[in-house]
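Here are the chains, one letter per residue:
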Amino acid sequence: MSSSEPGVDEVSGASGPVTEDAPDREPDPLREELVDRLTALVGDAVVDHHIVSGRDLWIRVRREAWADVAHTVRLTMGARYFGFLSAIDWMPSPFGRSLDSAVDRSLAQEPAPTTSVTPGPYETGFAGGDTRFQVFARFANVADHWGLTLKADVGDVDPSIGTLTKVYAGADWHERETHEMFGIDFVGHPGLRRLYLPGDFEGTPLRKDFPLLARMVKPWPGIVDVEPMPGGDDETGDGDASEATA
Amino acid sequence: MTMIGDRQKLQYIAAAAADARVNVELETEGMTLNIGPQHPATHGTLRIVARLDGEQVVSADPVMGYMHRGYEKLTEVRSYPQVTTLINRIDWLGSFANEVPFILAAEQLMEVEAPERARWIRTILFELSRIANITLFLGDMAVQLGAFTAVFYAFRDREYVLNLIESVTGGRFHPYFDRIGGLKDDLPKGWIDETRSAMVKMRAFCDEMEELVMNSEIFEARTRGVGVIPPDVALQYGLSGANARSSGIDWDIRRDHNVGLAYDEVDWKVWTHPDGDSFARFWVRLQETREATKIVDQLCAGLPKGPIMAKVPRIIKVPAGEAYVATENPLGEMGYYLVSKGDLYPFRVKIRTASFNNVSIVPWLLRGVYVPDIITILASLYFILGDIDR
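Quick mapping for you: the protein sequence lines, in order, are chains A and B.
The opening position of the first sequence corresponds to residue 88 in the working numbering, with each subsequent residue numbered one higher.
The opening position of the second sequence corresponds to residue 114 in the working numbering, with each subsequent residue numbered one higher.
Worth flagging that the hints you see were computed from the coordinates, not collected in a lab.
Careful, some of the hints might be misleading.
To be verified - In silico lysine to any residue, SDA-like type, Cα no more than 25 Å apart, as pairs:
1) B:K454 / A:T291
2) B:K314 / B:W384
3) B:K186 / A:E289
4) B:K454 / A:P298
5) B:K122 / B:D166
6) B:K122 / B:R335
7) B:K382 / A:G234
Quantities reported herein were computed from a predicted structural model and do not represent experimental measurements.
Construct the entire structure; sequences and hints are all you get.
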């Protein structure tokens with residue numbers, strides 16, 4: 088059973104639709120105990136959590152407590168292994184899947200794309216979320232064999248959060264990458280430089296409102312040269328490359 | 114073994130301290146050494162800017178992105194089956210292993226399970242990718258230390274494994290063989306016997322490497338006590354795979370967090386080494402290659418019969434949800450954090466690659482080492498550029 092408590096915080100209309108349709112599973116005492124322990128240690132910093140029984144655990148914490156919670160997770164709960172850190176942009180892409188062929192869109196019953204930016208609230212995933220961005224990181228306890236994903240909401244206006252480099256030295260590069268890809272500021276990071284992108288690159292590529300230009304200027308090959316499937320009565324091959332650049 | 118290691122480590126530290134004193138007394142000037150982006154030791158295009166004081170590194174800063182292909186963005190405009198083609202190219206030496214965690218993550222969200230036989234064949238191919246990948250490391254490490262012979266042996270014997278992979282999947286490097294719900298095809302006729310004899314050859318190759326490289330006095334002198342990573346530092350940087358295990362961390366996802374592969378069905382062992390130096394990393398990988406051949410042998414012997422594909426819809430839509438599935442790839446933990454919104458396309462895929470974390474320790478590790486040891490350390494960490502840059 089995916090137990091998702093209504094957190095201390097009022098989760099806005101955008102609470103995950105995903106929590107209900109998980110099939111019934113046995114309770115997961117190990118992960119429930121982890122949640123209880125963390126809640127006892129950091130108090131109301133824990134906003135919400137989600138357990139997929141026998142598999143995995145998600146905990147959403149307040150943004151201000153991000154580094155403190157990580158500190159507790161590492162030193163008190165023993166998750167000394169740093170997996171990764173990254174972010175999610177929950178805004179649906181304003182380009183829709185403009186970059187796809189009309190065929191794909193009709194299969195997905197997708198409306199024609201627009202370019203308008205949808206204001207929130209956005210539909211979010213496990214353990215809910217209130218803001219457009221979410222920073223998430225994964226830690227593991229290699230002695231007791233469990234792992235968990237911590238999440239924290241980061242707003243659209245001032246996308247910043249405390250750095251984890253003082254807790255896990257390995258967070259350095261991950262934060263640099265997240266910084267350049269999402270434009271999220273990691274307060275206290277010793278050198279928030281570009282990691283991959285060239286110095287004169289403009290924009291934050293992994294945000295949903297960053298267009299994938301290569302796909303917009305050149306139609307996906309599947310659109311123009313689709314041959315009908317042998318023996319198939321399918322609807323492919325209308326041959327017209329409807330590019331969705333508005 | 115450990116005793117020799119300790120003595121050599123102490124000698125190394127004493128020599129480094131003596132040099133530092135000389136440098137201070139002579140006020141040697143700093144110098145910037147640019148290694149790469151086209152240095153053979155970087156297996157691609159990684160550049161390391163090292164500030165030197167005499168023969169020692171003061172600070173080292175890796176510069177990457179020369180091969181950044183933006184896979185995380187590209188996955189957002191590809192359907193699930195199409196993503197497999199892309200991610201094949203992350204760690205190009207162990208490409209089948211790249212597909213597996215992604216497929217498993219998608220299967221987890223879809224609540225689909227591959228049939229027994231498919232799981233076993235996946236595991237066999239997974240281990241074959243490991244052997245093909247690590248084989249090259251074993252030869253390449255020797256090249257970086259100046260011994261050329263070993264790498265020709267490695268290239269020669271890797272062919273046995275690549276031929277096996279090719280005869281099943283049709284591709285030597287980019288199989289694109291794993292499907293949501295199972296596999297594309299079953300094994301060809303006679304493949305099991307061929308695999309058995311190839312595994313015998315690979316074990317002979319491991320023995321050869323042990324004699325030729327590892328037991329060589331020069332090799333030991335160049336690697337013992339060089340690039341020591343203490344376990345706690347390794348964990349903080351998220352080192353995984355053989356790099357972590359050679360620091361004495363007993364952690365293997367195949368055994369400790371196995372998802373969907375057939376490792377529980379066979380009898381095998383996780384190798385660790387307490388020293389954490391370059392020698393230990395070579396030693397652990399050598400043992401792991403041997404162990405992998407044994408895993409393949411056992412899986413081939415007990416391969417269950419049955420279908421290789423579960424029932425999945427023709428058009429694959431993954432229900433909304435999030436999943437993180439990681440596997441123990443040749444280079445270490447590789448995982449996909451998959452976010453789906455119930456669409457044909459992933460909403461977000463975070464690709465956690467082993468080499469990214471493994472190389473992020475380089476600035477810490479290279480501080481204070483001698484210039485020739487830079488190459489030893491980089492070679493022993495063993496990374497693939499595509500696995501860093503993604």
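Are K454 (chain B) and T291 (chain A) close enough, with their CA atoms no more than 25 Å apart?
-> holds, 22 Å
Assess, step by step, whether the Cα of K454 (chain B) is no farther than 25 Å from the Cα of P298 (chain A), and give holds or violated.
-> Holds, at roughly 20 Å.
Given pair status - E289 (chain A), K186 (chain B), alpha carbons within 25 Å = This hinted pair holds, its Cα atoms lying about 16 Å apart.
Going straight from one Cα to the other, do K122 (chain B) and D166 (chain B) come out at no more than 25 Å?
-> Status holds; Cα separation ~21 Å.
Going straight from one Cα to the other, do K122 (chain B) and R335 (chain B) come out at no more than 25 Å?
-> holds, 11 Å
Proposed proximity, G234 (chain A) with K382 (chain B) (alpha carbon, max 25 Å) = Given that 25 Å is the threshold and the Cα spacing comes to 22 Å, the pair holds.
Are the Cα positions of K314 (chain B) and W384 (chain B) separated by 25 Å at most?
-> holds, 21 Å
In summary, this structure violates none of the numbered hints.
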